[in-house]
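Peer 1: Add 4 to the 1-based position in the sequence shown for this note's numbering, that's all there is to it.
Just so you know, the hints here were simulated from the structure itself, not pulled from any lab data. Computed from a prediction, not measured in an experiment: that's the story for all the values here. Please note: incorrect hints may appear among the correct ones.
Derived DMTMM-like pairs (lysine to aspartate or glutamate); straight-line CA-CA distance at most 25 Å [what the hints assert, rightly or not]:
#  : residue 1 : residue 2
1  : 355       : 278
2  : 9         : 222
3  : 166       : 329
4  : 12        : 222
5  : 355       : 236
6  : 12        : 156
7  : 131       : 146
8  : 131       : 315
9  : 240       : 135
10 : 355       : 146
11 : 166       : 278
12 : 131       : 278
13 : 355       : 135
14 : 355       : 235
15 : 166       : 135
16 : 166       : 156
17 : 240       : 222
18 : 355       : 234
19 : 166       : 234
Per label pair, the in silico range of CB-to-CB distance [as the list claims (entries may be wrong)]:
#  : residue 1 : residue 2 : range
20 : 20        : 320       : 50 to 56 Å
21 : 318       : 192       : 50 to 56 Å
22 : 240       : 278       : 46 to 52 Å
23 : 135       : 208       : 53 to 59 Å
24 : 353       : 93        : 56 to 62 Å
25 : 327       : 166       : 36 to 42 Å
26 : 278       : 35        : 48 to 54 Å
27 : 93        : 20        : 40 to 46 Å
28 : 18        : 183       : 28 to 34 Å
29 : 219       : 190       : 36 to 42 Å
Virtual Cβ for every residue (Gly too), placed ideally from N, Cα, C.
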Amino acid sequence: MTNTKPVKLIAFVIVGILMLVLPLVLQATGSNSWVRIVDVALLYVLLALGLNIVVGYAGLLDLGFIAFFAVGAYLYGLLASPHLTDTFAWLAATFPNGLHMNFWIVMVIAGILAGVTGLILGFPVLKLRGDYLAIVTLGFGEIVRIFMLNLDRPINLTNGPKGLSNVDAVSVFGHSMSQRLDVSIGGFSYTFQSVTLYYYLILFFVVVAICIAYRLQDSRIGRAWMAIREDEIAAKAMGLNTRNLKLAAFGMSATFGGVAGVLFASFMRGVYPESFILMESVMIVAMVVLGGLGHIPGVILGALVLAGLPELLRHVAHPLTAMTDGRLGPEILRQLLIALAMIVIMLLRPKGLWPAPEHGKSLATK
């Protein structure tokens with residue numbers, strides 16, 4: 005039998021080196037837009053890894069995952085922007101320099117708050133599965149978005165449709181990531197743009213998330229989630245506490261969403277309700293399914309493909325618009341091409357682009 009461990013180790017090292025030099029190569033092209041696209045794609049990877057816990061591992065179809073993303077983003081937006089001190093005079097008197105809470109503290113609070121919110125969602129849906137669970141979680145996601153959209157009166161908490169702006173950037177070792185960083189070593193100097201600095205920050209959280217996801221997958225609780233996914237009745241008959249396990253899946257998954265939300269708010273320097281629409285939830289579910297349910301490399305691949313595809317198709321859509329004499333706009337054509345690509349991929353690869361080796365094995369042997 006071939007020992008695959010050295011091969012995997014070499015592959016990890018090569019991928020790691022490529023990920024480290026990728027923004028430097030893109031930045032060298034003279035345009036930061038591609039680095040920004042990769043930053044957003046990494047945020048989607050973080051979200052997809054979180055959703056994979058509840059959908060891929062535990063088999064619970066959650067269409068309201070974007071709500072936890074919104075919880076993290078709005079929490080950082082409120083605690084690290086002038087909105088609250090501008091709105092409440094007593095708060096402005098208490099914090100004359102503005103309410104600018106530390107990013108890392110908010111990150112911990114957001115993870116806990118989103119996790120608790122996930123548990124709150126999990127309690128009423130413990131007995132639901134499949135379509136019924138999808139509908140309930142979909143409603144939960146919409147309720148959170150509508151609250152964020154309308155909590156601007158009678159007390160202005162979220163600033164309604166205008167959202168929160170002037171959100172603080174992350175500061176690391178006293179350097180704000182909204183500013184470029186000039187590094188000089190000997191006679192060599194290099195300038196890291198803001199988007200490149202954020203790339204490394206988001207990549208750090210993605211690597212941590214991948215490590216946690218792998219640890220969960222190989223743990224007893226991860227195996228128990230997979231047992232519930234394959235056959236919940238059999239899992240319960242074997243003595244597994246399916247109620248607590250489902251709640252743990254919802255809570256852990258939501259924590260990933262909250263952390264990603266804080267990163268998003270800091271990266272965008274603002275939080276707006278249209279960032280948390282139902283379509284975003286659907287896209288994250290599509291990333292998990294398209295990549296390969298329950299398979300971490302597959303989920304990462306699915307997130308990168310669906311996050312990068314719209315930008316790649318941007319160069320195809322404009323010539324096609326010209327061919328139709330402008331009757332079909334480039335945005336409509338891009339959505340159409342993405343939908344067609346998803347259909348083709350799922351027809352050719354029904355288990356995903358990179359399916360888990362053991363996923364569905366029990367069904368295949370029937």
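Peer 1: Given the hinted pair residue 240 and residue 222, is their Cα-Cα distance within 25 Å?
Peer 2: Given that 25 Å is the threshold and the Cα spacing comes to 20 Å, the pair holds.
Peer 1: Could you check the hint for me, namely that residue 353 and residue 93 are 56 to 62 Å apart, CB to CB?
Peer 2: At roughly 58 Å between Cβ atoms, residue 93 and residue 353 fall inside 56 to 62 Å, so the hint holds.
Peer 1: Assess, step by step, whether the Cα of residue 355 is no farther than 25 Å from the Cα of residue 146, and give holds or violated.
Peer 2: 29 Å, violated
Peer 1: Sort out whether residue 315 lies within 25 Å of residue 131, counting only the CA atoms.
Peer 2: 40 Å, violated
Peer 1: Has the given pair, residue 166 with residue 278, been kept, meaning a C-alpha gap of at most 25 Å?
Peer 2: Holds - the C-alpha atoms of residue 278 and residue 166 are around 10 Å apart, at most 25 Å.
Peer 1: What's the verdict on residue 355 and residue 234, does the C-alpha distance respect the 25 Å limit or exceed it?
Peer 2: 15 Å, holds
Peer 1: Tell me if the straight-line CA distance from residue 9 to residue 222 falls inside 25 Å.
Peer 2: 17 Å, holds
Peer 1: Kindly confirm whether 48 to 54 Å is satisfied by the beta carbon distance between residue 278 and residue 35.
Peer 2: 26 Å, violated
Peer 1: For the pair residue 318 and residue 192, does the Cβ-Cβ distance stay inside 50 to 56 Å?
Peer 2: 35 Å, violated
Peer 1: Can the restraint linking residue 355 and residue 235 be considered satisfied, given a maximum Cα separation of 25 Å?
Peer 2: Distance ~18 Å between residue 355 and residue 235 Cα, so the pair holds.
Peer 1: Measure nothing beyond the straight line between the CA atoms of residue 166 and residue 135; if it is 25 Å or shorter, mark the hint as holding.
Peer 2: Since the Cα atoms of residue 166 and residue 135 sit roughly 34 Å apart, the hinted pair is violated (cutoff 25 Å).
Peer 1: Regarding the pair residue 12 and residue 222, is the alpha-carbon distance no greater than 25 Å?
Peer 2: 17 Å, holds
When the structure is compared with the earlier hints, violations turn up for hints 1, 3, 6, 8, 10, 12, 15, 19, 20, 21, 22, 23, 26 and 27 and for no others.
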